[in-house]
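**Student:** With chain L held as given, fit chain F onto it using these hints.
Listed below, chain by chain, are the residues.
Number of protein chains: 2
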Amino acid sequence: MLETKIILEDKEIPKKWYNVLPELTDLKTPLMPPLHPVEHTPMDPSLLEPLFAKKLIEQETNMKDEYIDIPEEVLKVYSLWRPTPMFRAAKLERALGTPARIYYKYEGVSPPGSHKPNTSVPQAYYNKVEGVTRITTETGAGQWGSALAFACQYFDLQCEVYMVRCSYDLKPYRRIMMNTWGAQCIASPSTNTKIGNKILKDNPEHSGTLGIAISEAVELAMQNDNTKYCLGSVLNHVMLHQTVIGLEAKKQFAKVDETPDILIGCCGGGSNFAGFVLPYVKDKKNGSKIRIIAVEPTACPTLTKGEYRYDWGDTGHYAPMMMMYTLGSEFTPPPVHAGGLRYHGESPIISQLRKEELIEARAYHQLEVFEAAMLFARTEGIICAPETSHAVKATIDEALKAKEEGKEKVIAFNLSGHGHFDLASYLAFQNNELTDYTVSKADIEKTLADLPDIQL
Amino acid sequence: MLETKIILEDKEIPKKWYNVLPELTDLKTPLMPPLHPVEHTPMDPSLLEPLFAKKLIEQETNMKDEYIDIPEEVLKVYSLWRPTPMFRAAKLERALGTPARIYYKYEGVSPPGSHKPNTSVPQAYYNKVEGVTRITTETGAGQWGSALAFACQYFDLQCEVYMVRCSYDLKPYRRIMMNTWGAQCIASPSTNTKIGNKILKDNPEHSGTLGIAISEAVELAMQNDNTKYCLGSVLNHVMLHQTVIGLEAKKQFAKVDETPDILIGCCGGGSNFAGFVLPYVKDKKNGSKIRIIAVEPTACPTLTKGEYRYDWGDTGHYAPMMMMYTLGSEFTPPPVHAGGLRYHGESPIISQLRKEELIEARAYHQLEVFEAAMLFARTEGIICAPETSHAVKATIDEALKAKEEGKEKVIAFNLSGHGHFDLASYLAFQNNELTDYTVSKADIEKTLADLPDIQL
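Chains L and F, in that order, give the protein sequences. Going by the numbering used here, the residue at position 371 of the first sequence is 371; the numbering climbs one at a time, nothing skipped. Going by the numbering used here, the residue at position 77 of the second sequence is 77; the numbering climbs one at a time, nothing skipped.
Isolated chain L, as found in the complex (with noise of 0.2 Å):
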């Protein structure tokens, strides 16, 4: 009766991450190195210590080992909502009347509501450890900067968010989320640094972009030796925090004896997805038949247009540049309402596995994606955020697929998050007042041909 969910005790949470790296050492390209935004050679990783906590840039460059440990002070915190469960579809597979069995880890249980917090707790405890008392970061529509605020409040460090204008004037609710967790959440542009006075003298009315925000943040970091910066996705340390997801997701599958045939997770930055899969990568290099599927939006499609090169990882240039898939870093992609998904680039991680046809990439369009999240709602109960709804809608395109075929498949995708502050945007999808964007080739060249071509 009960096999609905598939849960772990609270020892069963994973007590190390996977590191993919050494794995991808052996692939046909290493892991290409970062390089310096400016003279666009191989960057020291020591250069990056007055952005961020040594411990985090020994784990970004760590090649050799498989498995990291797990601090105790943070297993302690992702005990208050991990493990997190995995639910069979069993209605949804119903709806669609199909013999695929569908399955969903629901990362939505955490309290800022979706996967971050997996890396924002360890960031937060690494920076502690070595003597940091204030962290600076941007958010975009909030998800980034409300998990930073959770896991600085637990482990009482100065918050400092810079949230891009718009979002801070038109979405609230997230602001009002970090204040309460004691997070200072400014508007960026700002008065509190060089660049945030000097696009406000040009224009006071900035409505702020996610590079100015990161710039911000940055510039704070390096000024101040008790300060560093955290950053949501993309990285290699970010992704090896958030192997705890399909870590777990491994031993659920043992219990109920399912072994997934296609692993499904919508893909911005790439954290959810990699979190997701990464621990299935191995297996399938070994001959398994798992096929592994990023999802991504027809706005903003990172994976499936755009190019595998060296790009910076901001808008403004001051981060590393990075090997990576990218619409070029000058790319502003249209207003789509799931915004986590809206990044020029891709982690260098999962753009490698792209690259080496490890994993499949598609994209769709906006109506659809929240007509598959309605469909959700109604059999499965779960109103799931903009961003994961993508994952939602290649699922049961997946399942109507083995409908076809009379395939009974087991497939599985990740619930990052919940769409409780997003119903904003269900409301306008209920209400006609979407629109479907497409972003063609011809539409990313310019921002493309503006790269310099790199040659190492």
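Derived from the structure by calculation, the hints contain no laboratory data. A few of these clues could be false.
Which copy? The list can't say, so a pair holds if one copy fits it or any two copies do.
[Said to hold, decoys possible] Straight-line Cα separation of at most 25 Å, BS3-like style, residue types lysine-lysine; simulated pairs:
id : residue 1 : residue 2
1  : LYS76     : LYS409
2  : LYS289    : LYS251
3  : LYS441    : LYS251
4  : LYS251    : LYS76
5  : LYS54     : LYS5
6  : LYS128    : LYS91
7  : LYS250    : LYS407
8  : LYS255    : LYS76
9  : LYS91     : LYS11
10 : LYS15     : LYS91
11 : LYS5      : LYS409
12 : LYS11     : LYS250
13 : LYS5      : LYS76
14 : LYS128    : LYS5
15 : LYS91     : LYS5
16 : LYS91     : LYS76
17 : LYS16     : LYS401
18 : LYS201    : LYS282
19 : LYS285    : LYS355
20 : LYS28     : LYS407
21 : LYS64     : LYS255
22 : LYS128    : LYS441
23 : LYS250    : LYS54
24 : LYS251    : LYS11
25 : LYS15     : LYS5
26 : LYS76     : LYS55
**Tutor:** Below, chain F alone, put in the same frame as chain L:
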């Protein structure tokens, strides 16, 4: 390390609800019968059949079975979020420097975010089994409406929620949630009913009251054979369904070998409080020293300043009269943010326990309640609903008292719901825009004086 969280396995979800009614019949004053709203004489339960499913009426009046089976289909839906976790609030304890051990049962993990689906799911289920196709109800801020919408989508029932117009306009999020789950949410007063039309004729701008919304939902259920009405609190069968909370809590305390000294819950109509504490009433009667505390706002001090007497359940006087603590059914409480605690009356079961002094009651001001909620968010990481925050405040006070007395008490409260849809209230508090309200004995004298004096 991980003892901050006490979890149960799926197979430990209680298979029966605990029915306190046989227990109450042993008390000094057995539970008094409901009275006909017009004739003021004891009402035959069959008169409720146009409104409620037969099985629910049977549960409402079952004075003999101490335990009642939970249907398999209900357990299946419960397992989406049950068993709910119980946490040790270790960081709050440290912040208070108290020798007390504080625990909380977390009901916010359900898809609608509160304890309400513990009863909306069985109510929808029994109606479905009896051939009902449409359910009507009323809702204030939307907690109950969204929980019923969730349950109805699960059992493929039409759901019509009459939502007080001012909330409908000012608090759109839970309304969008209801729509997403396929329910129709209608601003009340509406043109769908006689009573709605009558009120709108007099005042087309009427902002609505819970009393009017109840009358609309009831009118529609009375007129249509395929339609029944559901209520989210107050009634005996609602309290019964909620006991799943306290039954789980008992198992969880047993796992860590703890015996609670004090149980605390916030109290409006009484459902989350009853659910948490009713399984302990027998222990209390049998000599246990456990203290059980109901917490309410000073703005609606039913148990602390109301009178124990017969009154109608609704403002429009369509509902039966019940023997309960009441401020008078025409009483309108000041606009505190804890909308779920703004009810003039109190569940007859809880009222009787109060009368018999098996439970205590206390009232708090709005500002001190939000202050407690802020401390809780900054230590334990969970942002509570304003209703729940009343229980947090009482818990903190009891923990500080234990500190003064140097006693190692075990204090537990029911965290009945998260505050994701109440962040505007948190913002108002942070911006010093909230006010305290006190209702004095004199304020309620008038509404109490309007009640008929009933002697059975």
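**Student:** Decide, hint by hint, whether the structure agrees.
**Tutor:** Hints and how they fare:
1. LYS76 to LYS409: The answer is between: 24 Å across copies meets 25 Å, while 36 Å in one copy does not.
2. LYS289 to LYS251: within (19 Å within a copy, 44 Å between copies)
3. LYS441 to LYS251: neither (41 Å within a copy, 60 Å between copies)
4. LYS251 to LYS76: both (20 Å within a copy, 22 Å between copies)
5. LYS54 to LYS5: neither (39 Å within a copy, 31 Å between copies)
6. LYS128 to LYS91: Intra 45 Å, inter 17 Å, cutoff 25 Å: inter-copy only.
7. LYS250 to LYS407: Close inside one copy (22 Å), not across copies (45 Å); limit 25 Å.
8. LYS255 to LYS76: both (24 Å within a copy, 19 Å between copies)
9. LYS91 to LYS11: So LYS91 and LYS11 pass the 25 Å test across copies only (21 Å; inside, 30 Å).
10. LYS15 to LYS91: Answer is between; shortest inter-copy Cα gap is 22 Å, intra-copy 33 Å.
11. LYS5 to LYS409: This pair counts as within: shortest intra-copy Cα distance 19 Å, inter-copy 35 Å.
12. LYS11 to LYS250: Classified as both; 15 Å inside a copy, 22 Å across copies.
13. LYS5 to LYS76: This pair counts as both: shortest intra-copy Cα distance 23 Å, inter-copy 9 Å.
14. LYS128 to LYS5: between (36 Å within a copy, 24 Å between copies)
15. LYS91 to LYS5: Within one copy only: 13 Å inside a chain, 30 Å across chains, cut-off 25 Å.
16. LYS91 to LYS76: between (34 Å within a copy, 11 Å between copies)
17. LYS16 to LYS401: This pair counts as neither: shortest intra-copy Cα distance 36 Å, inter-copy 41 Å.
18. LYS201 to LYS282: Answer is neither: 52 Å inside a copy and 71 Å across each miss the 25 Å cutoff.
19. LYS285 to LYS355: Intra 14 Å, inter 70 Å, cutoff 25 Å: intra-copy only.
20. LYS28 to LYS407: neither (33 Å within a copy, 65 Å between copies)
21. LYS64 to LYS255: neither (30 Å within a copy, 41 Å between copies)
22. LYS128 to LYS441: neither (45 Å within a copy, 53 Å between copies)
23. LYS250 to LYS54: Neither. Shortest intra-copy (31 Å) and inter-copy (46 Å) distances fail the 25 Å Cα cut-off.
24. LYS251 to LYS11: Cα proximity of LYS251 and LYS11: in one copy and across copies (12 Å, 19 Å).
25. LYS15 to LYS5: For LYS15 and LYS5, the Cα distance is within 25 Å both inside one copy (23 Å) and across copies (17 Å).
26. LYS76 to LYS55: This pair counts as within: shortest intra-copy Cα distance 19 Å, inter-copy 45 Å.
The structure shown violates the earlier hints numbered 3, 5, 17, 18, 20, 21, 22, 23.
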